[in-house]
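K.L.:
Work out the full structure, taking the sequences as your base and the hints as a guide.
First to last, the sequence lines map onto chains A and B.
Residues in the first sequence are numbered from 1 upward in steps of one, following my numbering.
Residues in the second sequence are numbered from 1 upward in steps of one, following my numbering.
Please note that the accuracy of each hint is not assured.
As the list claims (entries may be wrong) - Partial selection, computed: residues in chain A whose CB lies under 7 angstroms from chain B:
hint	residue
1	L72
2	T73
3	A77
4	P112
5	D308
6	G309
Claimed, not checked - Chain B stretches covered by chain A per the calculated footprint, using a threshold of three residues with CB under 8 angstroms from any CB of chain A:
hint	region
7	48 to 60
8	153 to 161
9	248 to 262
Keep in mind that the hints were calculated from the coordinates and are not lab data.
For each residue, glycine too, the CB sits at the ideal point set by N, CA and C.
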Amino acid sequence: MNLKRLAVLGLVIPLITACGSTPSTGDSGAAPANGSGQIVVGLITKTETNPFFVKMKEGAQAKATELGVKLLTGAGAKDGDNEGQVTAMENMINAGAKGIMITPSDTKAIVPSIQKARAAGVVVIALDTATDPQSASDALFATDNFAAGTLIGQWAAKAMAGKTPVIATLDLAPGITVGAQRHNGFLQGMGLVSGIASTATDLASSKEVVCAQDTHGDQTEGQTAMENCLSKNSNINLVYTINEPAAFGAYTALKNAGKEKNVTIVSVDGGCQGVQGVVDGKIAATSQQYPLKMASMGVEAIVKYAKDGTKPTGYTDTGVTLITDKAQSGVDSKDSTFGSANCWGTK
Amino acid sequence: MSSEQSAALDQRPGIVKVLLASPILGPVVALLLACIFFAVMSPRFLSGPNFSLILQQVMVVGVLAIGQTLVIITTGIDLSNGMVMALSGVLIASFASQKGLNPFLAITIGLLVAMGLGLLNGGLVTGIGLPAFIVTLGTLNIAYALTRIYTTSTITNLPSALTFLGNTFSLGGTAIANGTILMLVLYGITWFMLKYTPAGRSVYAVGDNVEAARLAGINTRRVLLGVYTIAGLTYGIAAVLQLARTGVGDPQAGQTSNLDSITAVVLGGTSLFGGRGSIVGTLLGALIVGVFRNGLQLLGVESTYQVLITGILVIAAVSVDQLTHRK
Numbered sequence: 001m002n003l004k005r006l007a008v009l010g011l012v013i014p015l016i017t018a019c020g021s022t023p024s025t026g027d028s029g030a031a032p033a034n035g036s037g038q039i040v041v042g043l044i045t046k047t048e049t050n051p052f053f054v055k056m057k058e059g060a061q062a063k064a065t066e067l068g069v070k071l072l073t074g075a076g077a078k079d080g081d082n083e084g085q086v087t088a089m090e091n092m093i094n095a096g097a098k099g100i101m102i103t104p105s106d107t108k109a110i111v112p113s114i115q116k117a118r119a120a121g122v123v124v125i126a127l128d129t130a131t132d133p134q135s136a137s138d139a140l141f142a143t144d145n146f147a148a149g150t151l152i153g154q155w156a157a158k159a160m161a162g163k164t165p166v167i168a169t170l171d172l173a174p175g176i177t178v179g180a181q182r183h184n185g186f187l188q189g190m191g192l193v194s195g196i197a198s199t200a201t202d203l204a205s206s207k208e209v210v211c212a213q214d215t216h217g218d219q220t221e222g223q224t225a226m227e228n229c230l231s232k233n234s235n236i237n238l239v240y241t242i243n244e245p246a247a248f249g250a251y252t253a254l255k256n257a258g259k260e261k262n263v264t265i266v267s268v269d270g271g272c273q274g275v276q277g278v279v280d281g282k283i284a285a286t287s288q289q290y291p292l293k294m295a296s297m298g299v300e301a302i303v304k305y306a307k308d309g310t311k312p313t314g315y316t317d318t319g320v321t322l323i324t325d326k327a328q329s330g331v332d333s334k335d336s337t338f339g340s341a342n343c344w345g346t347k
Numbered sequence: 001m002s003s004e005q006s007a008a009l010d011q012r013p014g015i016v017k018v019l020l021a022s023p024i025l026g027p028v029v030a031l032l033l034a035c036i037f038f039a040v041m042s043p044r045f046l047s048g049p050n051f052s053l054i055l056q057q058v059m060v061v062g063v064l065a066i067g068q069t070l071v072i073i074t075t076g077i078d079l080s081n082g083m084v085m086a087l088s089g090v091l092i093a094s095f096a097s098q099k100g101l102n103p104f105l106a107i108t109i110g111l112l113v114a115m116g117l118g119l120l121n122g123g124l125v126t127g128i129g130l131p132a133f134i135v136t137l138g139t140l141n142i143a144y145a146l147t148r149i150y151t152t153s154t155i156t157n158l159p160s161a162l163t164f165l166g167n168t169f170s171l172g173g174t175a176i177a178n179g180t181i182l183m184l185v186l187y188g189i190t191w192f193m194l195k196y197t198p199a200g201r202s203v204y205a206v207g208d209n210v211e212a213a214r215l216a217g218i219n220t221r222r223v224l225l226g227v228y229t230i231a232g233l234t235y236g237i238a239a240v241l242q243l244a245r246t247g248v249g250d251p252q253a254g255q256t257s258n259l260d261s262i263t264a265v266v267l268g269g270t271s272l273f274g275g276r277g278s279i280v281g282t283l284l285g286a287l288i289v290g291v292f293r294n295g296l297q298l299l300g301v302e303s304t305y306q307v308l309i310t311g312i313l314v315i316a317a318v319s320v321d322q323l324t325h326r327k
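P.N.:
If you want it as structure tokens, here you go:
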């Protein structure tokens with residue numbers, strides 16, 4: 001038996017050596033490509049499944065095909081999976097990527113790995129979500145999430161005129177900047193709080209907010225959260241949601257309670273299904289953002305860097321539009337027809 | 001494989017006999033085929049730096065899988081390991097970087113907490129006779145909640161003593177992470193213990209037939225307590241590796257590690273029914289997952305397909321195990 005074990009070991013050792021032997025291709029890390037001379041660009045999203053990131057990937061792929069570069073994609077196993085993103089980034093650097101676009105799942109935790117990538121000569125662009133600190137990445141292409149929140153807040157203030165708002169906020173998760181920026185922007189836009197820094201990572205509160213729950217942007221969790229909020233206070237008449245899946249969850253809970261007619265839901269995202277929610281009257285207003293554009297711009301910037309060495313820098317606002325079929329005077333908005341035509345940046 | 005068993009299997013087909021004699025052959029062949037496939041498909045796969053990277057990428061799950069292997073050999077299962085790692089890691093990071101404790105003292109505290117939770121698992125399994133699945137489902141939730149209660153924000157600026165294992169040294173021009181060496185050493189120690197010490201053999205005995213083991217004079221309760229506590233220790237060590245690898249204390253770490261470590265164990269040919277299993281197989285199992293993830297990424301295949309392939313491999317591995325051991 002021991003002899004057989006030895007024979008097995010004899011199999012294992014050459015195997016490890018085989019895997020570990022030196023490469024036959026002599027190209028160094030400075031070479032711009034994967035052997036064939038093609039520029040390689042990486043895109044790492046939080047998850048593979050969220051439609052927002054699917055759209056982002058479409059934008060990146062379309063631009064990559066147009067410019068004749070190779071796109072590698074990767075993602076965490078689930079929202080918050082930092083190590084999965086780290087692994088994807090390492091693999092892309094090894095695959096010879098000149099630049100990597102990333103929507104960080106954990107804005108702080110990813111920073112040491114981004115530093116390693118940049119030290120290896122890879123340009124890193126944060127998409128949609130800033131790293132913490134923002135300067136950890138070369139550039140940021142994103143929605144101004146505070147402005148997105150402010151828009152729905154301003155709209156809600158007008159729409160609720162004459163009524164005392166009783167608010168539930170269905171938020172993202174603790175410690176995630178995007179969630180705090182939208183939430184705080186909303187409250188500031190409504191005029192319930194003032195002077196909050198747009199970079200604050202803590203959720204602001206005001207006496208009108210009777211219930212604040214985390215949903216992780218998930219429809220089922222959004223429904224549960226709304227049900228809990230209704231048991232806490234049945235007079236809620238305004239619901240802010242972190243995104244449209246959470247909004248749909250909230251709508252289901254309100255409908256089950258027979259309250260969907262008297263409660264206004266506002267949201268952020270402007271995805272194609274989300275805008276359909278505006279058409280159907282489930283969501284009153286939503287701030288539309290443009291992930292396809294972020295990724296498309298990201299690919300362009302990386303290809304430019306690969307060709308002439310110009311690095312993208314700073315923050316580029318990819319824009320936000322308020323989508324509602326109940327326009328309020330003094331608040332810029334477009335109707336759901338525009339929203340559907342441009343959902344998440346489709347052209 | 002005992003000689004009585006092999007004697008009874010004379011009528012079986014040759015391939016079954018070979019697999020029974022060397023259960024590790026399955027993962028070896030799978031890994032070899034995967035390596036050959038990716039080497040042909042991508043010029044960047046077959047390189048020292050890339051293989052060193054794969055080892056780095058599997059070191060956290062690899063060490064978690066050591067404890068998982070021990071638990072599974074005793075017919076148990078540990079769902080809590082990823083969360084125990086997250087708790088331990090956050091405590092170590094916080095004590096060392098925010099509270100200014102000596103990093104080694106912080107690590108000691110983290111390891112003790114992880115061992116304590118392991119001991120709790122073992123105590124509930126042996127003391128009250130609860131199924132390991134339920135006990136560790138409970139401690140999974142407890143450790144998750146304790147982590148979130150302690151902190152929800154990522155802990156940065158770790159002292160260099162905590163990131164040392166993530167640093168690399170050069171071996172023939174290839175950068176090898178210190179943590180990789182630690183993982184291999186831990187596998188070596190576990191392999192030796194399981195194979196050459198009475199304690200190690202009693203782990204198999206308890207897993208094979210707990211009643212028979214008791215009658216043979218083995219203190220089965222002590223063996224189980226020991227297994228779960230040592231498993232806890234490996235989760236604490238995995239926490240240290242995780243801190244070193246990512247450079248931060250991450251309260252969201254390890255959320256899928258329990259299933260990832262079980263995947264490595266199963267791919268490595270360890271039986272979920274206990275009593276049979278190889279620690280070297282587990283290392284190969286972890287490497288198989290790592291090779292597929294890395295190779296597919298180099299080819300530009302999206303990661304969903306890696307999940308798909310892992311699923312197919314798990315079912316294939318369990319099927320091979322069942323078919324070869326069917327009485």
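K.L.:
Next, verify each hint and record whether it holds.
P.N.:
Structure-based check of all given hints:
This hint holds: L72/A has a C-beta 5 angstroms from the nearest C-beta of chain B, less than the 7 angstroms allowed. Here the hint on T73/A is kept, as its CB sits about 5 angstroms from the closest CB of chain B, short of 7 angstroms. Hint on A77/A holds. Least Cβ distance to chain B is approximately 5 angstroms, under the 7 angstroms limit. Contact between P112/A and chain B, as hinted, is supported at the beta carbon level, the nearest pair being about 3 angstroms apart and thus within 7 angstroms.
With a cut of 7 angstroms, the hint placing D308/A at the interface with chain B is violated, because the nearest CB-to-CB distance is about 25 angstroms. Interface hint status for G309/A: violated, as the beta-carbon distance to the closest one in chain B is roughly 23 angstroms, over 7 angstroms. Requiring three or more residues with a Cβ within less than 8 angstroms of a Cβ of chain A, the coverage given for the region 48 to 60 of chain B holds, as 10 such residues are present. Only residues whose C-beta sits within less than 8 angstroms of a C-beta in chain A count toward coverage, and the region 153 to 161 of chain B has 3 of them, enough to reach three; the restraint holds.
Coverage of a stretch by a chain is defined here by at least three residues with a beta carbon nearer than 8 angstroms to that chain's beta carbons; for the region 248 to 262 of chain B and chain A the count is 6, and the condition holds.
Of the numbered hints stated above, those contradicted by the structure are hints 5, 6, listed in ascending order.
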